[in-house]
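Undergrad: Chains as they are written, first to last, in my numbering: chain R, 1 to 98; chain U, 1001 to 1195.
The hints are simulated quantities; they were obtained by calculation from the structure and are not laboratory data.
There's no promise every hint is true.
[What the hints assert, rightly or not] Residues on chain U that point at chain R, a partial pick, calculated with CB under 8 Å:
| hint | residue |
| --- | --- |
| 1 | 1007 |
| 2 | 1016 |
| 3 | 1020 |
| 4 | 1022 |
| 5 | 1023 |
| 6 | 1082 |
| 7 | 1083 |
| 8 | 1085 |
| 9 | 1086 |
| 10 | 1087 |
| 11 | 1092 |
| 12 | 1094 |
| 13 | 1095 |
| 14 | 1099 |
[Stated by the list, open to error] Computed list of lysine to any residue pairs in SDA-like fashion (alpha-carbon distance at most 20 Å, straight line):
| hint | chain 1 | residue 1 | chain 2 | residue 2 |
| --- | --- | --- | --- | --- |
| 15 | U | 1014 | R | 13 |
| 16 | R | 34 | U | 1020 |
| 17 | R | 87 | U | 1008 |
| 18 | U | 1022 | R | 5 |
| 19 | U | 1024 | R | 30 |
| 20 | R | 34 | R | 3 |
In this text, all values refer to a predicted model and were calculated from it rather than measured experimentally.
Cβ coordinates follow ideal geometry from the N, Cα and C atoms, glycine included.
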Amino acid sequence: MEFQELDPILHSQLRLAVVSLLISVREAEFTFLKEKTNATAGNLSVQINKLKDAGYLDVTKQFNNNYPQTICKITKKGIEAFEDYVKALQTYMNPNGQ
Amino acid sequence: MMSEVKLTENESLKLITEMIGKAKGSYHSNGTSAILWGLVIFFCSIFEFFEMQFNFDIGFNIWWLMFVALVPQFYLMLKSSSKKNFESYEEKTMNFVWWAFAASVVMMMFFNSYYRPSHSESLFLMLFGMPTFITGGMFRFKPMIIGGITCWILFVVSIYTSLKINLLLMALAALSAWLVPGIILRKKCIREAQQ
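Produce the entire structure from the sequences given, and follow the hints as far as they go.
TA: See below:
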């Protein structure tokens, strides 16, 4: 069994954490992701933009009671990329395919 | 603190598991709605039982109180949605289950007030068990699973008992399906907030 290449977009601590969180919920606000990952707002914002540019996330900015709100949701492409990433990881964890 | 660090395969897997666990453990009900509806149904059942037992009539159907209880329910929903910063799949599913239940209860109430069938309380007991059992199963919350099963047992019992006794069975169903699980959830929520 060959080792599959790991998606460089996902193979980074914070981006993988964000995608893993979003795969489990329907949608989440920026504050939820910040709270769960303990990342700084600046760094999290940069990584979310990278995921958005890759087409893995949908990011909606809106106002709720006069407060700005950023809502993130994983896209179909993001789900497929995450599934492929987990499959690729399995080839490393279980190289004999057993 | 997380940064843009490359991970080993083991670390990746560990991180995925940890984050999925964190997201799954984020949804908590504080039990307020369960307590509200448990109290309303308990009160209405007991009140109607007393009306029959002591032969008095307040001039309107006490069960219309359920519509009044929708006001605090909407307030609770608005309050919790303004605080919430994510929406889980389970929560979305549960909302549909409970709205379907509420719609069925309202339709049954209209049906009963029009046709006045006998033993209609039994059908309510059966209906009470369904969303309670589903919610308990979905969130692995035993008190609600037990509450749902209790409603179904009471449904069977109610087939063989009189209307007056069935009202007491409905009060018991409200206690076991919502009031007791709601109080357990509320206590858990307060305990977690203090930690």
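Undergrad: Checking against the hints above, which ones are violated?
TA: Numbers 7, 12, 13, 14, 18, 20 - these are the hints that the structure violates, sorted from lowest upward.
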